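Participant: Top line first, the protein sequences correspond to chains A and B. Last residue of the first sequence: number 440 in the working numbering, and the count goes up by one each step with no gaps. Last residue of the second sequence: number 674 in the working numbering, and the count goes up by one each step with no gaps.
What the hints contain is simulated information worked out from the structure, not anything from laboratory work. Bear in mind that the values here come from a model prediction, so they are computed numbers and not experimental data. Any given hint could turn out to be false.
[Claimed, not checked] Distance condition first, Cα-Cα at most 25 Å in a straight line; then the derived DMTMM-like pairs of lysine to aspartate or glutamate:
(1) B:Lys501 / A:Glu92
(2) A:Lys409 / A:Glu303
(3) A:Lys23 / A:Glu270
(4) A:Lys193 / A:Glu424
(5) A:Lys198 / A:Glu265
(6) B:Lys518 / A:Asp124
(7) B:Lys600 / B:Asp610
(8) B:Lys581 / A:Glu92
(9) A:Lys435 / A:Glu421
(10) B:Lys500 / A:Asp124
(11) B:Lys600 / B:Asp632
(12) B:Lys518 / B:Glu652
(13) A:Lys131 / B:Asp529
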Amino acid sequence: MDDSKYNSIDEELLLRPILKTSKWFYVSIAILFSIAMFAVWVWYHQWTTGLGVTGMNRPVFWGIYITNFVFFIGISHAGTLISAILRLCQAEWRRSITRAAEVITVLVLFFGVFNIIVDLGRPDRALNVLKHGQFRSPLLWDVTSISVYLFASSTYLLLPLIPDIAILRERKTRLRWLYRLLSFGWTGSDKQKHRLEKAISIMAILVIPIAISVHTVVSWVFGMTVQPMWHSTIFGPYFVVGAIYSGMAALLVAMAIIRKVYHLERYIMEVHFNNLGKLLLVFTLLWFYFTFTEYLTTFYGSEPTHMTVFYSKLTGQFAPVFWVMVLCCFVIPLAILVRKKTRTPAGCVVASVAITIGMWIERFTIVVPTLVNPRLPYPRGIYHPTWVEWSITAGCFAFFILLYMAFTKVFPIVSIWEIKEGREISVSQTAERVKTYLPA
Amino acid sequence: MARWGMVIDLDKCTACGTCMAACREENNIPASGPDLAGEGRSIFWMDMLTITEGEYPNVKKRMLPRPCFHCDNPPCTKVCPVGATYKNDEGLVAQIYSRCIGCRYCVNGCPYNAKYFNWYPPRFRDDEKKHLNPDVSVRPKGVVEKCSFCSHRLVRVREKATAENREIADGDYTTACQDACPAKAISFGDLDNPYSEVSRLAHSVRAFTLLEDLGTRPKVYYLTEGEKHGRFKI
Numbered sequence: 001m002d003d004s005k006y007n008s009i010d011e012e013l014l015l016r017p018i019l020k021t022s023k024w025f026y027v028s029i030a031i032l033f034s035i036a037m038f039a040v041w042v043w044y045h046q047w048t049t050g051l052g053v054t055g056m057n058r059p060v061f062w063g064i065y066i067t068n069f070v071f072f073i074g075i076s077h078a079g080t081l082i083s084a085i086l087r088l089c090q091a092e093w094r095r096s097i098t099r100a101a102e103v104i105t106v107l108v109l110f111f112g113v114f115n116i117i118v119d120l121g122r123p124d125r126a127l128n129v130l131k132h133g134q135f136r137s138p139l140l141w142d143v144t145s146i147s148v149y150l151f152a153s154s155t156y157l158l159l160p161l162i163p164d165i166a167i168l169r170e171r172k173t174r175l176r177w178l179y180r181l182l183s184f185g186w187t188g189s190d191k192q193k194h195r196l197e198k199a200i201s202i203m204a205i206l207v208i209p210i211a212i213s214v215h216t217v218v219s220w221v222f223g224m225t226v227q228p229m230w231h232s233t234i235f236g237p238y239f240v241v242g243a244i245y246s247g248m249a250a251l252l253v254a255m256a257i258i259r260k261v262y263h264l265e266r267y268i269m270e271v272h273f274n275n276l277g278k279l280l281l282v283f284t285l286l287w288f289y290f291t292f293t294e295y296l297t298t299f300y301g302s303e304p305t306h307m308t309v310f311y312s313k314l315t316g317q318f319a320p321v322f323w324v325m326v327l328c329c330f331v332i333p334l335a336i337l338v339r340k341k342t343r344t345p346a347g348c349v350v351a352s353v354a355i356t357i358g359m360w361i362e363r364f365t366i367v368v369p370t371l372v373n374p375r376l377p378y379p380r381g382i383y384h385p386t387w388v389e390w391s392i393t394a395g396c397f398a399f400f401i402l403l404y405m406a407f408t409k410v411f412p413i414v415s416i417w418e419i420k421e422g423r424e425i426s427v428s429q430t431a432e433r434v435k436t437y438l439p440a
Numbered sequence: 441m442a443r444w445g446m447v448i449d450l451d452k453c454t455a456c457g458t459c460m461a462a463c464r465e466e467n468n469i470p471a472s473g474p475d476l477a478g479e480g481r482s483i484f485w486m487d488m489l490t491i492t493e494g495e496y497p498n499v500k501k502r503m504l505p506r507p508c509f510h511c512d513n514p515p516c517t518k519v520c521p522v523g524a525t526y527k528n529d530e531g532l533v534a535q536i537y538s539r540c541i542g543c544r545y546c547v548n549g550c551p552y553n554a555k556y557f558n559w560y561p562p563r564f565r566d567d568e569k570k571h572l573n574p575d576v577s578v579r580p581k582g583v584v585e586k587c588s589f590c591s592h593r594l595v596r597v598r599e600k601a602t603a604e605n606r607e608i609a610d611g612d613y614t615t616a617c618q619d620a621c622p623a624k625a626i627s628f629g630d631l632d633n634p635y636s637e638v639s640r641l642a643h644s645v646r647a648f649t650l651l652e653d654l655g656t657r658p659k660v661y662y663l664t665e666g667e668k669h670g671r672f673k674i
């Protein structure tokens, strides 16, 4: 088969999700939408009654909203960072998965920010951070860093979309006005292609330090205080590793669903799961390394206030969640990903679901146990999240999935032009490149 | 400029709780009632810290009245994203209720847990509403509050002193807890004035502050009970 034949098959298969929609799509949208709307109503209830409707109290002033915030911002590292690194490394197998990753980043960031706003006692005054912003506060570093990240990752998502939008513009589909607007007059000329390539590579380089700064700064919200087991220099890199780890897991789950639902087995192949699975394995080990270092240092130093928090996690009231975290973040993924036989799409999904759950728990065991055990001999805290907090959390997940699904109905979730480019240019280019590595 | 501070003599303190009650009256702090207390949502600008030392049968309870320590190096003001808590010109750690966004970062930053959050709108009984202190604003739901060292009193004292064209004298500026204490265990005044009672007591060998090694430099000192107890360390 020649290239042009392939091209038409690519277009047809990859545009099919946009052109044809099954009734199950609408059913799922309806279910997700009702969960999200219920969460909006619950938030209204919380807004009018006060944060008393949550399980938070003194001294546990932060609960699962802050856990969600750290978790969602962590997931956002799925996309941009992985896609940027793979692009810069010229990893050719990236082509069919970069977009699925980048969309996660842009969408999930909103839910990270939303959870902070939900957590505020006075959400109506949220804009005070601009009006009276105080740069000494790590929270303001967050605001800055996340805004920049949102802007950069949206640009980074949009740029490689332009040629695909131009393909859609030529088709007789709905939303043509949108495609006409967002294709920015793309004609596919050499000059345009050259500029686009350049812009994409500049953005790919830019987003890496921005992404790393985002989760470092999130960790500093805790690290900059003097509270036991928060005040840790390792938190920056520890959070970044955890973020990429959970982000990749989320990406693998998304890939598996897209592949199954839209029948894209030809594009999202076993090799993608195998390769990402290997990368995930590296991060499983990194996660263990960081966790082990953090806890051993605390244990060996054995300062009483730190040990109170330490034991409340390892053997005390948080022991069940702590050990489930170790199981989900380390034992299960390691057992699955270490063997090639189990590093299949199904195996990767099991590992990824475990990691996603485990990483949420990890964020929880960082935020809450420290607050439950104040330094001074006050009564120990008790924290049970209420239905309000769980509903809003569920609403965030539902609304995120809904937006993701909606995206796949408007834009191709696998980059068409990049697949084409792979066929047309990369095969020969890569061969040329390999030749240059060889001794003359 | 004065450095306002407090000394609490634990030898004189009987842990009767009058300071807590007087503070509640003075600063319009709604009584929480059993429901909110059970949820862990009561507000105490002046709290009673209870420390149990030793094991049965040699158990000892120590009680420390605990206001806000108005640290010279406050960990709470640093982390506020909007400057709603800050060290004011008088060196007091102040709160701007109308600016606070209720993120509770300062609350979590305070190693003494001296800050409180309004989980609900304030609840006063009708008869209480008639007797609110007009000098102290009632805090709305969703903001952080804490002991202010009765800073509304300082405003009055300073106005009076300025009108009479003099400096504030030792004993002019008092706090509600100090006034109410039947044992006169609480002294208050300028720590930098070598002739003030509070500075004399703060230099006593019995004086200590809580969690000294954190470097927060609290402006509330305790005088340890007798000679034999030594300093209180955690």
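Participant: Find the hints from earlier in the document that the structure breaks and name them by number, from lowest to highest.
Facilitator: 1, 2, 3, 5, 8, 10
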